[in-house]
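Number of protein chains: 2
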Amino acid sequence: MPLSPADDAFLSDLRARLPDDTIRRAEARHLEEPRGRWRGADAPLALPRSAKDVSEIVRLAAERRVALVPQGGGTGLVGGQIMQGGAPLIVSFDRMTAIRAVHPEEYVLTAEAGAVLADVQAAAQEADRLFPLSLASEGSARIGGLLSTNAGGVNVLRYGNARDLCLGLEAVLPSGEIWHGLRRLRKDNTGYDLKNLLIGAEGSLGFITAATLRLFPRPAVTGTALMAVPDPRAALDLYARARARLGEGVSAFELIGRTGFDFLAETLPEVRRPFDPAPAWTVLIDVGMAQGLDAQAALEALFAEAFDAGCVTDGLVAQSETQAHDFWEVRERIPEANRLIGAVSSHDISVPLGAIADFIPEGIARLKKIGDFRVNCFGHVGDGNLHYNVFPVPGRSRADHEGDRDAIKRCVHDLVHEMGGSVSAEHGVGRLKVDDLERYQDPAKLGTMRAIKAALDPGGIMNPGAVLRARD
Amino acid sequence: MPLSPADDAFLSDLRARLPDDTIRRAEARHLEEPRGRWRGADAPLALPRSAKDVSEIVRLAAERRVALVPQGGGTGLVGGQIMQGGAPLIVSFDRMTAIRAVHPEEYVLTAEAGAVLADVQAAAQEADRLFPLSLASEGSARIGGLLSTNAGGVNVLRYGNARDLCLGLEAVLPSGEIWHGLRRLRKDNTGYDLKNLLIGAEGSLGFITAATLRLFPRPAVTGTALMAVPDPRAALDLYARARARLGEGVSAFELIGRTGFDFLAETLPEVRRPFDPAPAWTVLIDVGMAQGLDAQAALEALFAEAFDAGCVTDGLVAQSETQAHDFWEVRERIPEANRLIGAVSSHDISVPLGAIADFIPEGIARLKKIGDFRVNCFGHVGDGNLHYNVFPVPGRSRADHEGDRDAIKRCVHDLVHEMGGSVSAEHGVGRLKVDDLERYQDPAKLGTMRAIKAALDPGGIMNPGAVLRARD
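Protein sequence lines, in the order shown, are assigned to chains A and B. Residue numbers for the first sequence follow our numbering, so the first one is 987 and each next one is one higher. Residue numbers for the second sequence follow our numbering, so the first one is 987 and each next one is one higher.
Next comes chain A alone, as it looks inside the complex (with noise of 0.2 Å):
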C-alpha cells in the first residue's frame, strides 16, 4: 500500500489536534543538506513543542500512512534528513531544546532532542562536569540527530560513541505511543535494549524526544601535542606507545595527511601552519590527565621516547591554551577545505586497528587503476576511523570525474568489507548508503533489520527510505 501525501485534508486534521502554529511550511534551509546531494521539494513542517506533540502526528501519521521525516540541526552527511519526493511531513525538534535537569552529583544531564550539542557541553561545563561528544558540527547538530545517527567525533577513543553517552530515552514509537525511558540509571537489565535500537536508527524505528546522557569529570589536567610521522604504521606504534604510556588519559588520536596541509594552504590560507614544509604525516594527540600529573611533560615524554624509536620525526607539545586552539584548528577546518576544492567521493569507513597500515596504501594502490586523483586521508585513527576522500588533481573538477564515482566508492568499499571492516563508520546510512548496506551487510543481520522495520513500522511511515529501502 503506498503512502498518503501530507495534504490539506491532513494538515487540517492535524492542525485541529495541535496547539496552534505548529504546523508551517519548511524553509529552505529544512531541504538541504550539507553536501548538496540530496534537495527537498516544498513541504509542510511541525514544530512540535513536546513529546505529547510528536505523539499526536505520529498517531495521525500512521493512521493515514503519511511519511515523516526528522531533523534536528541538519549536519548529517548521508541524506538522513532529506526525503526526496513522497511529499512527506518534516517534523523538527528546533522548538525541544531544553536541558530539562542537570544532576552533577551522578552525573546525568536530560535533554531534548532539540538541544544543541555545543549547548550541552556548555550546561555540563556550568556544573563543573564533562559532555565529551565532540565534533566539528557541534555549534549546529542537535542532540536527537547526534543520537539517532550515533554520532562519533573525536572523543570516542576516550569515551565511546553517542550511543555510550545515553543513559535513557523519551521516544515516540511508530505508533504514536511516548515510551517513557528516561532513566537515570547505569545497571538496568529489565528487557530488550530498546534504548540502542532507537539509536542509530535515524528516525526510521521511532522519533527520540528527550535523552538523559553521561557526564564524566573534567580531566584536571590537558596536553595537546602534534608530532610528525613517517607513516601510518608509525602513526599507530605510536599511539600504541601513547596507551602504554597514558592509559585511558589519551582522549584524542588524530591522523592528517600532508594532503589536508596542501589543501588548508589552497583554499584557508589564514590557518597557521605548524610544520613547514607539513609532513607526510601527523598526529594530533589530546590528553586528559587526573590531578597531580603534568600533561606536557608526558606529552614530552612520550615525544622523546617515540623519537629515540624512530616513529615520529619532529613535535610539537601546546604550551598554551591559545597554542592548544591553533592545533585543532587545522583538524578541525580540513572538512570546509574539501568542500572547497571538491570531492569526487567521500568515505567514512573504519577497519580493524590492525589493518589501518596496510589499508592506506592499498586504497590509494586501487585507486590509481581507475585514474590519477588525490586522496585526503584524515581523521580518527585510534578508532580505526578514516575520513578517506578522492579528489581531482589540480586542474581537473569533479565535474570531469562523475562518471568515476561509482567506481571509486566501489573501490575503496570492496576493500574495507574485504579487510572485515565498516563502510559507514560513525555517519551513518542514512539515503546515500542503502545500496552499500545491501551489498555488504551480513545478509542474517540485514533480513532481522527488515523484520524489526516491519513489526514496528508496519505502515513504513518513519524516515521511509532511510538506513533500509523503501517498501512500496
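If you are wondering where the hints come from, they were derived from the structure by calculation, not from laboratory data. Heads up, some of the hints might be wrong.
Since the list can't tell identical chains apart, any single copy or any two copies may satisfy a pair.
Unchecked claim - Below, simulated SDA-like cross-link-like pairs (lysine to any residue); rule was C-alpha separation at most 25 Å, straight line:
id: 1; residue 1: Lys1038; residue 2: Arg1051
id: 2; residue 1: Lys1354; residue 2: Ala1393
id: 3; residue 1: Lys1038; residue 2: Arg1425
Fit chain B to the given chain A structure using the hints.
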C-alpha cells in the same frame, strides 16, 4: 500453536544432521540453578561444537517448533537457564570454549560462548591486557551467558556492563541463520544495533556463539581500601570526593552493611574481619591509576580529606596484595553467607545515585510493616545498584516466611519503581521477574519487546518463558 516436545523422532532427525555424540541426556547440573527455585525435568541435551552445529539445531527446532533452552555456566540467579516442563532441548555451550584470537595491539579478544570468564581474564592478562568483567561466579560463568544477561559485577563503574565490553557477535538467529558479526571495530554505523538487541535478551532472540570483546590497558598501579562510614549518605559523599580526586581511576566502590559482617561471623568465621566491631557501613574502594601516580598515597589523601569532613570514621589502606585480597574476600563471600542464612526474598535493584541514601532506610521502614526482618544491603553503590536481601531474624527460618515473600518483593519493588529505579539491575529478568516486568515496565516498551519477539521468533522456540511470558 503449541510447542512440540523434543521427542525421540525429533532427536533422531537431529542426530542425523549433527556430528556423533552431539545429543545426550542432561545431567543433574543442567537441571538445577544456584538458588534452588527452579528444577528442570529430565531432558535431552545438545553439546554443539560449532556455530554450524547450533545452526542445525535451531533450524530443525524452528521447523518442528521444539523449545530450546540455552545454557552457559548455569550461574544465573533468575531462572533464565531452566524451563520447567514443556520438554525442551537444552543447548549447552560447554564444548565451545575456544579463545579464537587475541589481538593485543587492537585491545581485542575473540572468545566462543562457552569460554569461562576466568579463562578469558587469564588470556587477556597473558597478553598484558585487562578484560575487566569481574564477578563472584567468574570461575564458572561463561561468555555467552554473561553477554546474554548483560552481566554487571564490581568493575561496571569504570568499564561498563558486559554490553559495553562487546564489539561484535556471532550468533544463531531463531531461523537458524548464522549472523557473522564478529567485527573488531570501535565504530560501525551500518544499520540497527542487533548486537545490543541480543545482549541482554537472555537467549530469547537468538543464541550467541562467539564474541569479540574489548580489552583495556592494565592499570600501572592499583590500590584497595576499606573505609567505615556512618551511613549511606556519607558513602555517597565519599564517592563524590573519590571521583573528584581520582576521576576515572575509581574501579570499584562497594557498600557493605553491618549485617553482611554479622552473617560472615555467623556462617563463615574463617573470613578475616578487618574492623571489629564491624561499623554500621563499610565501603570497599579499588583504584587503578596511571604510571607516575601513587595509589596508596591517593587513597590515604582521600581518607584524610573525608575524615576531616566527617564522612568517614575509620579506614584501612591495603599495604600488600594479600591484604587487598583479604579485603575483597569480605565482599565476595557475602553471597555465600547469604545462601547459608537463607533469604526470604532477594532483590537486585538500582535507583538513581541521588536516591540511594533515601532508598535504604525507607525500604527498611516499609518492610517493618510486614514483619521483623534482617536486611542485608550490599553491593555496587557507585552504580546505584544494591543487593537488598531480606532475611528472617535469628531463631526464625525462611520457611516461616513463605507467605510473606510476595508482599516483601512487592514492597521493595514498588519503592524502587517510585524512585525511578530498576527491579533488575544486573541479574536480568529470566523467569523470576516476568511478572515484575509486566507490572513495572513502560507499556510502550513492553509492547515493542513483544512485537520484536513475535517478528524474530514467530514459533516462540527460543528460551520460551524467559524475559517475556511464553505465548500459547
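Structure-based check of all given hints:
| no. | hint | in the structure |
| --- | --- | --- |
| 1 | Lys1038 with Arg1051 | within (19 Å within a copy, 42 Å between copies) |
| 2 | Lys1354 with Ala1393 | within (12 Å within a copy, 73 Å between copies) |
| 3 | Lys1038 with Arg1425 | between (39 Å within a copy, 23 Å between copies) |
Consistency note: the structure conflicts with none of the earlier hints.
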